[in-house]
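Chain by chain, the residues run as shown.
2 protein chains.
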Amino acid sequence: MTYCVGMTLNKGLIFMSDTRTNAGLDDIASVKKMHTWQVEGDRVITILTAGNLATTQAVISLLEERSVIPGDRDPSILKAPTLFQVARLVGDTLREVIHENERSGQEATSTFDATLIMGGQIDGMTPRLFMIYPEGNFIEASTDNPFFQIGETKYGKPILLRAYEPDMSFEAAMKLLLVSFDSTITANLSVDLPLDFQVYEKDSYKFRSDGRIDAKDPYFMQVSDNWGQALKTAFLKLPDYNLD
Amino acid sequence: MTYCVGMTLNKGLIFMSDTRTNAGLDDIASVKKMHTWQVEGDRVITILTAGNLATTQAVISLLEERSVIPGDRDPSILKAPTLFQVARLVGDTLREVIHENERSGQEATSTFDATLIMGGQIDGMTPRLFMIYPEGNFIEASTDNPFFQIGETKYGKPILLRAYEPDMSFEAAMKLLLVSFDSTITANLSVDLPLDFQVYEKDSYKFRSDGRIDAKDPYFMQVSDNWGQALKTAFLKLPDYNLD
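Here the protein sequences come in this chain order: D and X.
Heads up: the first sequence runs through residues 120 to 363, numbered per our numbering.
Heads up: the second sequence runs through residues 120 to 363, numbered per our numbering.
Calculated from the structure, these hints are not laboratory results.
Do not take every clue at face value.
Here are the computed lysine-lysine pairs in the DSS-like style, where the Cα-Cα straight-line distance is at most 25 Å [as the list claims (entries may be wrong)]:
no., chain 1, residue 1, chain 2, residue 2
1, X, Lys151, D, Lys356
2, X, Lys351, D, Lys351
3, X, Lys130, X, Lys321
If you want the ones that stay clear, here's a sample from chain X, every Cβ over 10 Å from chain D, calculated [said to hold, decoys possible]:
no., residue
4, Gln157
5, Val158
6, Gly160
7, Thr262
8, Lys276
9, Glu290
10, Ala291
11, Asp359
Cβ atoms here follow ideal geometry from the backbone N, Cα and C, with glycine treated the same way.
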């Protein structure tokens, strides 16, 4: 499994992804699920991946190759004029990879499925965020739907729904994502640290900061401990039910 | 979908279930998923059901019939000497119903699947709680694993993990269950009020209290509002991440 979140803020975009991949419970490894492209002053693009690892790695490799040696039939995400066009290129590539695997004989399609979050900004346009489905089609974030989750989304969703504010700072958004990831990691063995993050400030056309948070990160340890305690305190403060 | 929880406490047992059932998004109804049997002074049994409604209703009807007209081959859950034997009877009945539906032609077995929580106490023995699988086998709650959830379990699990205490009062346990159900209802359309609950006090051999909580219940409205606010306050109190 996997857990990734891409989020729009008034100040820009923020992304976080876990790194655990597994084939069964006894075959686990760490792998980066966040992939970024930056042409300073022109565009930034971030892709988060969930699903079959062979599929997502093939998609990223094809996008990389085509951005290095662009051709007429395989345009590059670094040349596409809008993020909508980038989303179409990524969606087409994803569908193509899944379709090729299916043709090789296996019947079940779900095995090769993958879902992506793609966001960024191209010079002169607004930042945009998309969720791209295995079928190659996609939806875009909006004020009603300001963030996307992929992978193991349920445990970490309640706090996102309750504490997200579009005008929150990047520092508060990092905290929100870390609480959401902590809830997920606590409940599901197949999501784990380290976590990769990426912060993009609107109209800057270069990444503001990125990094990796591991199990020894003092801030993460503090948030994890304090959040459990804070939940419990909040719970105890609510009045008990009256049974009689 | 469905959400049901059965929980062991030092003081006894507590159960809660939602009532929404749906066949597609445009065909919803309310149905009771909590079924109880009481022979005062001898035994109490509560069963919570999740899964195919035709399957769970057939299981409950068969158990009911056999408790009214017991036969040699179909013993009654009201006569079984231990709760372990009751769990076997319920599990056998569940497997039998699923198997009959499968034989009628349909290949996919998952369509007819159901999972049950069964708990109670028989005179002279300790209270026990079981989770019964579609295959008819079952597991029992223990101090390491003091509660069972069935149906849409993920949204409501983090708070159960964090705030459950074996020595909590029934009133606090009701609050805990309502917070857990509120998180689930907020996130998933296929789980909804009203909620049925059942409280059993150890060694009493009769139900202490039961009831139904609907959307107009003032306590539920208060918990739902206050919990959202309390989560947000707890979140704001945590220090922000330092990006620089």
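Now for the hints, and whether the structure bears them out:
1. Lys151(X) with Lys356(D): Status violated; Cα separation ~31 Å.
2. Lys351(X) with Lys351(D): holds (13 Å)
3. Lys130(X) with Lys321(X): Judged against 25 Å, a Cα distance of about 6 Å means the pair holds.
4. Gln157: Holds: least Cβ distance 18 Å, greater than 10 Å.
5. Val158: Holds, because the least Cβ-Cβ distance between Val158(X) and chain D comes to about 23 Å, which exceeds 10 Å.
6. Gly160: The claim stands: Gly160(X) keeps its Cβ more than 10 Å from every Cβ of chain D (closest is about 22 Å).
7. Thr262: holds (19 Å)
8. Lys276: violated (6 Å)
9. Glu290: violated (4 Å)
10. Ala291: Ala291(X) not clear of chain D: closest Cβ-Cβ about 5 Å, inside 10 Å.
11. Asp359: violated (4 Å)
Violated hints, listed in ascending order, are 1, 8, 9, 10 and 11; each of the other numbered hints is respected by the structure.
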